[in-house]
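Top to bottom, those sequences are chains A and B. The number in the working numbering is simply the position in the first sequence, starting from 1, with 45 added. The number in the working numbering is simply the position in the second sequence, starting from 1, with 45 added.
Careful: at least some of the hints might be erroneous.
Intra- or inter-copy, both count: the list cannot distinguish identical chains.
[Claimed, not checked] Straight-line C-alpha distance at most 25 Å; calculated SDA-like pairs for lysine to any residue: (1) K93 - K139; (2) K51 - E450; (3) K103 - N347; (4) K201 - P411; (5) K417 - V181; (6) K143 - H405; (7) K81 - K295; (8) K449 - D372; (9) K81 - A395; (10) K449 - E371; (11) K260 - G434.
Think of the hints as simulated: they come from the structure by calculation, not from any bench.
Protein chains: 2
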Amino acid sequence: MSGQSKVSPLAPTSFPEIPPVDGVRFATGAAGIRYKGRTDVMLALLDKGTEVAGVFTKSKCASAPVDWCRAQLGRGKARALVVNSGNANAFTGKTGAKAVKRTAELAAAAAGLRANDVFIASTGVIGEPLDAEKFVGVFETLVSEAAPNGLFGAAKAIMTTDTFPKVATARASIGGVEVTIAGMAKGAGMIAPDMATMLSFIFTDAPIAADVLQKLLDKGVEPSFNAVTVDGDTSTSDTLLFFATGAAAKRGAPRIDKASDRRLKDFREALDNVLRDLAFQVVRDGEGARKFVSITVEGAVNRKSAKVIARSIANSPLVKTAIAGEDANWGRVVMAVGKAGEPAERDQLAIWFGDIRVAHKGLRDPAYDEEKVAALMRLPEIAVRVDLGLGEGEATVYTCDLTKEYVEINGDYRS
Amino acid sequence: MSGQSKVSPLAPTSFPEIPPVDGVRFATGAAGIRYKGRTDVMLALLDKGTEVAGVFTKSKCASAPVDWCRAQLGRGKARALVVNSGNANAFTGKTGAKAVKRTAELAAAAAGLRANDVFIASTGVIGEPLDAEKFVGVFETLVSEAAPNGLFGAAKAIMTTDTFPKVATARASIGGVEVTIAGMAKGAGMIAPDMATMLSFIFTDAPIAADVLQKLLDKGVEPSFNAVTVDGDTSTSDTLLFFATGAAAKRGAPRIDKASDRRLKDFREALDNVLRDLAFQVVRDGEGARKFVSITVEGAVNRKSAKVIARSIANSPLVKTAIAGEDANWGRVVMAVGKAGEPAERDQLAIWFGDIRVAHKGLRDPAYDEEKVAALMRLPEIAVRVDLGLGEGEATVYTCDLTKEYVEINGDYRS
């Protein structure tokens, strides 16, 4: 597991101070699921009245915890979140479903809740039965230790192949009352040596109804988590949960029951910032990544088409290896546009690396200076822009380069 | 260009003797398009009456030669084929279209043909204007030197990053008369450092009408060229042309005007073998490849669905790096099934590596022996099989592993 000890060169240089979110308490423990000498389970206790929304992997082979969360989500209520690392409880059949239920029951018993109030996520190895009995006695301690300031520790407990914990926070005003948003994510992309998982959990004290949370989340994930890719591989366990305790109501924050409520404007922006911040951190921790790459496609027939093309470029091994090699190989960008299957006119295409136009009207731009482009390609952040010249559709996708370290990390894992 | 001097470890240990195809003559020359000290242009002269069929890249950014061939194909007639390496004449706008036309005119003038009778394919760097004037005087020599036994030399002249020339041949009987099929291919997958191209040209002396050739080809490419992938990247220049000179009619071979003609049975099988042989050689020369991998999906709702899932597995960087690491990581196969977006039932899935069942009914197969699987994974050819347990749909896709050499070759190219 050669690549894991080193922190990603794209890691943030400092972590933000995470304020407590009124109505949420965290605790972490070591249940010995797989790792020794480190925390591997986190519990978040949520005050009564907490509402919840979520989005999940579109995989047809979703993990047992994803099935569980989907089933509980209909009620829109949550009182606790349990997340373990070391075992994803995926492809574990009926045994897996039983293990999730047993975990929820154990946590519920320790916290005086109903099992249905407990949301569960798991990350780690797949295909291995998760032994929920390892949690016996663990949750009692976690409940007694749970404290408002534990989000950063919780973010650490759910790491698998991550090289740094991923946290983000923002403040927003709803009806003149300040509320807090804080969240965490884990995942080295959609991918990891252990077939890991993108997990993210966002908490706020704002009093917002579950269906409004869901709408905010559905919209918010599009330019953030749904716009990042490390290698196009989708986990069976991807989970994003958004909890609103409503505790800010005590301080006068109005309850929001409609997504169209204008008082949500500031909150929506703050949430979108947190989502984007966390999603970008996932890319920055992409396995073997040395470059953070944004791919913007404009001039497409519509936004959906722009995103398909941007994703085709972002997932192309040839584009990603060229960027790893600091090579402004726009021919491979053309190739990736061409193979996307979306409307594109070869003789209308223009391509930029940074602000340097390298191709124009279906030809290499005769004015471009290879020296300047080479200097630009040595930077840790690379912006690629493609103008299709057909319409108004625009989308940006974020990715990283494809390096030998990626192959090393993913080829060496089980040996 | 570190990976290119070494011949692929999956290369064939010997080459077949390629018999002449009655009605076809080959010549090669050095036009100095890009390389020095090697042949970079081939000419095939085809007897009067030769019929032709073709399939091309689905890229929306097809190269100028692909546009040219598509335009000529409607008539179903061909008298010459010119292929150059060193420059793909792709993303070269109107200049590119002019260069193709000029190349065809030069070849036609030298051979006493019309430009419309000349088919053209180009492979090599893209975005650079192709200077057709380099062919001035070249074709005259090629026409005078053209000889029936030149196919192997021609296969060498069109190599770019290939580590070995790819040729195949077969005999078939039509109405009791023996006919010959011989062909060549180039390409290190859909991909190459220079954004290269899969090109393949098949020749036969059988008297078969162009629309029948087209039907044979359309069907034949499905389990061969359309079933191989190195990295899922599709070239702007992929071209497969199939020429039938009809010269065997002199020896009594009946002319075939209908695809349903029963006398085609043996020929169809022989053609399919040649197509598969050439397509597999392309995979065996996949950049950095050390393993030849077949992915069979069965039990899908239909054949199309099976192929989408097989391709999702074959193109997954996580599956390909695991195989490079000789790791029977079936969890990643589950992931790739799940992300394909096709009907799949987690709890029905069974997965084999070779003949060892590693997963069954949504669970790790308790009986499987990790030692035996590990031994199997060290072999140069790996067969992965997935049974979805839903229907009768079945498809096989062929690919190679994803190694550090792939990243090295594709990241180092322009530096």
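Status of each hint after checking the structure:
no. : hint        : result
1   : K93 - K139  : neither (31 Å within a copy, 69 Å between copies)
2   : K51 - E450  : both (11 Å within a copy, 22 Å between copies)
3   : K103 - N347 : both (23 Å within a copy, 21 Å between copies)
4   : K201 - P411 : neither (50 Å within a copy, 33 Å between copies)
5   : K417 - V181 : neither (61 Å within a copy, 36 Å between copies)
6   : K143 - H405 : between (58 Å within a copy, 18 Å between copies)
7   : K81 - K295  : neither (42 Å within a copy, 80 Å between copies)
8   : K449 - D372 : both (16 Å within a copy, 17 Å between copies)
9   : K81 - A395  : neither (53 Å within a copy, 32 Å between copies)
10  : K449 - E371 : both (14 Å within a copy, 17 Å between copies)
11  : K260 - G434 : neither (32 Å within a copy, 37 Å between copies)
Hints 1, 4, 5, 7, 9 and 11 from the list above are not met by this structure, while the remaining hints are.
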